[in-house]
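Produce the entire structure from the sequences given, and follow the hints as far as they go.
Spelled out, the chains give:
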Amino acid sequence: MLEIDGISKRFGSTVALDGMTFSVRPGELYGFVGANGAGKTTTMRIALGVLEPDAGEVRLDGQPLDAVSRRRIGYMPEERGLYPRMAVGTQLRYLAELRGRSAAEARAAADRWTERLGLAERRGEEVQRLSLGNQQRVQLAAALVADPDVLVLDEPFSGLDPMAVDVMSEVLRERRDAGAPVVFSSHQLELVERLCDRVGIVRAGRTVAEGTVDELRETSATELVVVAPDAPAGWADALPGVAATRAAEGGTVLTLSDASESTLSGVLDAARRTGPVHEFRRRRPALAEIYRDTVAGAAATAPTAAPRTAA
Amino acid sequence: MTPILRPVGLIARREFAAKVRGRAFVVGTLVVLVLLGVYAAVVATLASGEDTARVGLTGPAVALTDPLQRAAPTEGLTLAVLPQPDTGAGEAAVRAGDLDALISGDPVRPRVFVESEPDAQLERVVVDATSALARDAYLRARGVDPAALDAAVGESGPAIVAAEPPDPQAGQRLGLGLAGAFLLFFSIQTYGAMVAQGVVEEKASRVVEIVLSSVRPWQLLLGKVLGLGAVGLLQLVVLGGAGLAVAGVAGVLAPGAGLVSTLVSVLVWYLLGFALYATVFAAAGSLVSRQEDTQSVLSPVTITVLLGFVVGFNLLTSDPRGTPMTVLSLVPPFSPLFMPARIALGVAPAGQVVLAFALTLAFTAVVLWLGGRIYTNSVLRTGARVGLREALGRARA
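One line per chain: the protein sequences are A and B, in this order. Residue numbers for the first sequence follow my numbering, beginning at 1 and rising by one. Residue numbers for the second sequence follow my numbering, beginning at 1 and rising by one.
What the hints contain is simulated information worked out from the structure, not anything from laboratory work. Backbone N, C-alpha and C fix where the C-beta goes; we use that ideal spot for every residue, glycine too. Hints are not guaranteed to be accurate.
What follows is a set of in silico ranges between Cβ atoms, one per label pair, in the way DEER data are often shown [what the hints assert, rightly or not]:
1. A:59 <-> B:350: 54 to 60 Å
2. A:125 <-> B:260: 55 to 61 Å
3. B:186 <-> A:166: 50 to 56 Å
4. B:268 <-> A:59: 43 to 49 Å
5. A:128 <-> B:28: 33 to 39 Å
6. B:351 <-> A:128: 50 to 56 Å
7. B:392 <-> A:125: 37 to 43 Å
Structure below.
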């Protein structure tokens, strides 16, 4: 289990992290979402020991992370980087050895991952001669080559072609199924929704919502979709328990302020009175919508402390 | 290897392999070797083709033959005297370049025909010869035997007793010292700059973040300095060895003359000097994120070293025992460049060598600490150049 516990970090007068807390369980694929500057990259850098937190602690299996246990983490930084003039195979072996693998283990792992990621033909080539897509694959191989127990990937999907996205998703699931805690950040929310077991939404350096996508749906306001073709505009505006209405999804979407049985039956009755009702269902908002609502809600309730322009 | 040092070894090995296998190193070393060879060949040719002055004599001036041949060795000139049938033939030979001069007419006040102007050495030999003739004639006219006078004069002269006899191998020592200083300067500048470039390359390509998620910054810095230092040392040994071989073949260098002690001191001072400068270069390099900006942070360092080197090199040739040289060789950043040269020259008292070594060691320790701090604080900061004050702030554990 990877635990990020109350991490704070300032850069000069800028507060980047403000008590960031979340945890990733073994065999769990955790999606880390938030706007640019919300603190995702800083959190990951601190988890990897690349930055030092001002306060808080990162623990792996209950133990605070140190230089040795950090080597169990496979890391893909947001800023992609490899030695441009080093051959693919040599480079992967080197990075594996730096993480404490023996020369033989490193060679075997480099061969295995280049094979798996379709880079076997390119082992002897300098990284700078590869296409961008292949460089991304080498980058993934670099995160995996030391056979890590934990994966921390910063925007692993950005810049990937659809084929590579599939390979990446497959690899992440595989590691998850093998029992590794896997955390990655992404702006591609459909992908996060599809892949992740749990999601953490961050804003201004702290986690504002966390849970499975279904759990997150629970916390957002209930919405109903009613398709009643003969209903006049504004038919549901004044109904009790209805906070707002809008025309969408081929009918009317009602946001409820009170999702009780009486509200529901009141709405259904009102719809029937306008004529035939083709559809009457609870709406399942996409993660993207939950995200927008959560972040907007957090902004509205955020304490007016020091101005935050997160790094 | 202990777990804490294994990454250092891995990093050093990578740096070494990347540079030694690189085209720049191989080609660069070969070019310098070829230049050394060409230089040696030129020197050897010049040395073997020692000039012989060819002088033609005709008419009464033939009487100058003996005095000329006696005078030539005292001026250090090898002289061939060639009698000419007549002035016309002699002058033609001068014009054709077969003769350096044609001497004709009265032996005491001869006419010397040359192509454009007489060689200064040859002119002095001719003057010596004519004055000897005039003197001998004057003495004989007064009943004195010139040969007896010469013998009496020849026996006179003081016996010189020196408190510190000059070292017959002083020239060789100076040469060794200067070559050592130059090689150290060259090596430290080249490989120090390489350390900085390596640091900037890692920053520019962002690979440093992956590396630093596996190893501590000091391990990366140390590995880099060791790896590139080893490359520099290899080149130093190759070039120094080739230089010594060339000098030996050309006969410039006699064995002995503190050769071994000079080599040892150059190597020891190289290691110390490299650790010192490479750390400064690495710290400077870590302040910028793009190769284009490297020069701007390196130039304060390189210019300081260059100025010190130029001043010291001049002092070394003109006044190696003087106070300015002594002071320069005791100031830590310059000790590695000049102490070995002073040791080679045999003008450095043991006390000063020990003092310079201790000072440099202490200075290097401070530089390592400060440089490591700057490096740690700046190496992950990309974008704008990092200010020195900021870089010196609290280092992470």
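For each hint, the structure was consulted:
1. A:59 <-> B:350: 54 to 60 Å: holds, 58 Å
2. A:125 <-> B:260: 55 to 61 Å: violated, 47 Å
3. B:186 <-> A:166: 50 to 56 Å: holds, 54 Å
4. B:268 <-> A:59: 43 to 49 Å: Once the Cβ atoms are compared, 48 Å apart, the range 43 to 49 Å for residue 59 of chain A and residue 268 of chain B holds.
5. A:128 <-> B:28: 33 to 39 Å: violated, 22 Å
6. B:351 <-> A:128: 50 to 56 Å: holds, 54 Å
7. B:392 <-> A:125: 37 to 43 Å: For residue 392 of chain B and residue 125 of chain A the Cβ distance comes to about 41 Å; the hint holds.
Comparing the model with each earlier hint shows violations of hints 2, 5; every other hint is respected.
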